[in-house]
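Chemist: Just so you know, the protein sequences line up as chains H and P, in that order. Note that our numbering has the first sequence beginning at 1, numbered continuously upward. Note that our numbering has the second sequence beginning at 602, numbered continuously upward.
Here are the simulated SDA-like pairs of lysine to any residue, each with C-alpha atoms no more than 20 angstroms apart in a straight line:
no., chain 1, residue 1, chain 2, residue 2
1, H, Lys29, P, Arg805
2, P, Lys799, H, Gly121
3, P, Lys799, H, Leu24
4, P, Lys799, H, Arg38
5, P, Lys795, H, Leu87
6, P, Lys795, H, Ala31
7, H, Lys35, P, Asp810
8, P, Lys799, H, Ala31
9, H, Lys35, P, Ile807
10, H, Lys23, P, Arg800
11, H, Lys29, P, Glu797
12, H, Lys41, P, Ile807
13, H, Lys35, P, Lys799
14, H, Lys596, P, Asn860
15, P, Lys799, H, Glu25
16, P, Lys795, H, Glu124
17, H, Lys35, P, Asn806
18, H, Lys41, P, Gln803
19, H, Lys29, P, Asn806
20, H, Lys165, H, Lys181
21, H, Lys441, P, Ser868
Derived from the structure by calculation, the hints contain no laboratory data.
Given next are the chains, with one letter for each unit.
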Amino acid sequence: MSKTSLSQSKGDNLPRPKINWGKLEEAEKFAEMVKLFRRGKINRDDFRRFRLQHGAYGSRMTDDYSMVRVKVPAGEVYPEQLERLALLSEGFSIGSAHVSTRQNFQLHWIALEDVSEVMRGLAEVGMTSREACGNSVRNVMCSPLAGVCTQEVFDPTPYALATAKFLLRNPMNQSLPRKFKLNFTCCEKHGMARIVDIGLIPQKIDADGKTHNGFKIFLGGGLGAQSFVGHQLEEFTSEEDLLYTIIAVIRVYDRMGNRENMARNRMRYLVNELGWEKFQNIVLKERAMVRVTQSIMVKLDLDKIPEVLGKMSISSDTPTKPEGFSRWMKSNVISQKQNGYSSVFLTLESGDVTSNQLRTMAEIAREFSAEGRARTGFLQDMVFRWVKDEDLPKLYSKLLEVGLANPGALTMASVIGCSGTTSCNLALTNSHRIAKEIQRKFLELKLDVDDDLRDATIKISGCPNSCGQHEIATIGFFGGGGRMGKEMYPLYSMSLGGRSDEQAMLGLTCMKVPAKRVIPAILKIIEIFKSDKKNGETLDSWIHRVIDNDGSNGVKSFNDIKEILKPVVVAPTIEQDKDFYVDYGNDVSYHARTGKGECAA
Amino acid sequence: MCCLSKEKIMRPTIDVDALRSEIRDKSVRVLDIRKEEDYKQSHIPDAVNLPLANLLADDSPEKVLQYAQSFGISDETPVVVYDDTFGALASRVAWTLQYIGHEDVSLLDITYGTWKKMGLETSTEKTSFDKKNHSLKLRPEILATVDYLGPAKEKGAILIDNRERLNFLENHIPGAMNIPYRMLASPDNILRPKEELKRLIQNRNIAPDAEVITYCGSVGTLSGLGYYALKSIGMENVKLYVRSFKEWKSLEKPIERQNDANYWDLSAE
Ligand code: HEM
Ligand code: SF4
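Construct the complete structure from the given sequences, taking the supplied hints into account.
Modeler: Take a look at the structure:
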């Protein structure tokens, strides 16, 4: 043993992870299972089920590599956890990590033999990949603005954490018909309560001379080959009933959900087949049962002790404002309901971060955030809350140093792209890269500062499966293959008008757009919007007016948009334009290739 | 009666405390592999400078022998090598000394950067030593040449590629296994603790007595570290394919790759 050692005195009184989600034994078990599998002692299907239950997907065209999905319940991630992700991504993955749309971190291209080491590394800092894939309750999400949002009724975070804690490894939900998703939001605006299995929005009512906390609960929403918007269970679900409701819904789904047809086994299909009222009744009856039978044993372990905030302002002198600061302030920073504090959003490219950037994020959480941690967002992004307003210039300078100071996070420039052909077996196009290209174009054209575009979104999936959530985008795309003679080219289906807020609706399919024409098509839509819009209209509201056939002089209907775009999307011959036949990130002509998908496994 | 073999027990790495006491006893020769400018600024006391570029310019056994002798290294002198490049450059030099027959070579288990961070003593003095004689006994059993690879693989030797994952996916020698060099280090040390390294190897189902050949992109630095990682857990039959993938490619040998996936686009760089 060395007597001389590096002092490890990082830890002052900064908050440490409150909940340990990890379990070291699971890593050991996983290593054993891999060995048995390699020796042929376990069959492929059993092993796959086990692997998915522990958060490891197969990679594109090969099971020898995994994507490990790290659950981040409520999105809360602590500095030491960010540092550990950096270390694990360098050692076992590709030196970058990925922030997903469901607040998870994903590490790609990990050798199957190393997955157990990654799990071990995660468990050591209180993280887990357990039940991040497979037929289980996935990461319990919570709005990154929960607790600081100006429009929220109360902070749902403790409820989200307690729910996640109750459900993780719970025997009740180890073998559901399919995956199951819960989202807590802060308010109507910031979240996706209506497009998941169970979506929850905080609500308060006054009764018996007291104020009661509770939720608006939406059931049976979800995106996919067939998408649905969730139904509200009842006017108000009280805090006391929260857990019973969740248990009841999961039990009904477990009992009645479709286990045969993999294309129809999400809960939304059950709701659709039974009809909402019938489903609603069954759930309410089930809840009454649960309440009676379980109320003594089962309670949510709510931690509502108010936190003592750490670090106060760190800037003593009036800082100079670096170049680009005000543009970044406009598009990446939101004032909190707490006076003098802001929440800072980082613009990532399709959610990718390098290990060095993760380390800088850990430093930022320690130095700048009074809560000493960060949150993963809903948009493949990262959020630092509780930053003192006067520290913002200094924080921006720090982000500049590591290439994390791009503007656009809270604007249309923050484009979502699923993994696509970078790692997903089902992908038909490189949705991941095209999302980065669109974002770069938007920033280059400074479209992030355009207020008309601010509330619009662009989201891209590499196949019809919607992991990129294209249906709730103002302009959404999913990948496919097009053909011209015998040549194939990468092609997207474009939909317009999707929304996930109170007026949640799925985008309407507009037309097919070749991959290499996606950027021109988007810019053309913006151009016609600009020339056609009425006073005060945003791109999003304009599209909705056109969809409602309430168009003005130039653009009267959805069909008019198609007509105007037609010349933009024509396919040239391969002799005219070779590049047209090559997907982003490739140097040879496009051909669609897919492997076996594991979404249903 | 104990019957310790005459051969010194090899210690692939040495920790700070042991090195400092050996420096005090003047019983060790320390080699600094960094660039000359860096060495001039400061180095571990009594270290001599052998920039890796100088060695690579001509790494013939005769030339390496000359270097060793000029640094006052005899057959018996314990040598410790360090760098500031996570141990990879130091590994390449250590391996080269072993290849010409020097037995007692170790890597300092931390980098110079860490040494300084720990506030340990440094010096700016350029050190020199009287020339010593050193014999030349080549050890072909630790070297793999391109011609050796094919037959060795047939006999079951395991080929390990120590480049980063994305480079490996893009192209590698057919049948190779990937252990990115970053996997070998711990946050503070150039190599992980032995139990951890052993576990990584066991997870890959590599037997302790397997023949293993490490290689990397060009000159055998990253794979040099791979070589010492395996030595440090007591594996005997390890070789370095020192000309590595650069030579393999230039000879237009067959290459394997992970097809039909755009993994590079996942990198945030
Ligand atoms: C038929 C198969 C699949 C279906 C129907 C499906 C569906 C979905 C849907 C609807 C989402 C939207 C996120 C949300 O609910 O908020 C999602 C998320 C996601 N999916 Fe899939 N998926 C499938 C297979 C896959 C595969 C094979 C991969 C890649 C290995 C994958 C990777 C992802 C990723 C990265 C996300 C982001 C969110 C997360 O952290 O969960 N999916 N999936
Ligand atoms: S949408 Fe399709 S391509 Fe994208 S991650 Fe999901 S399954 Fe893969």
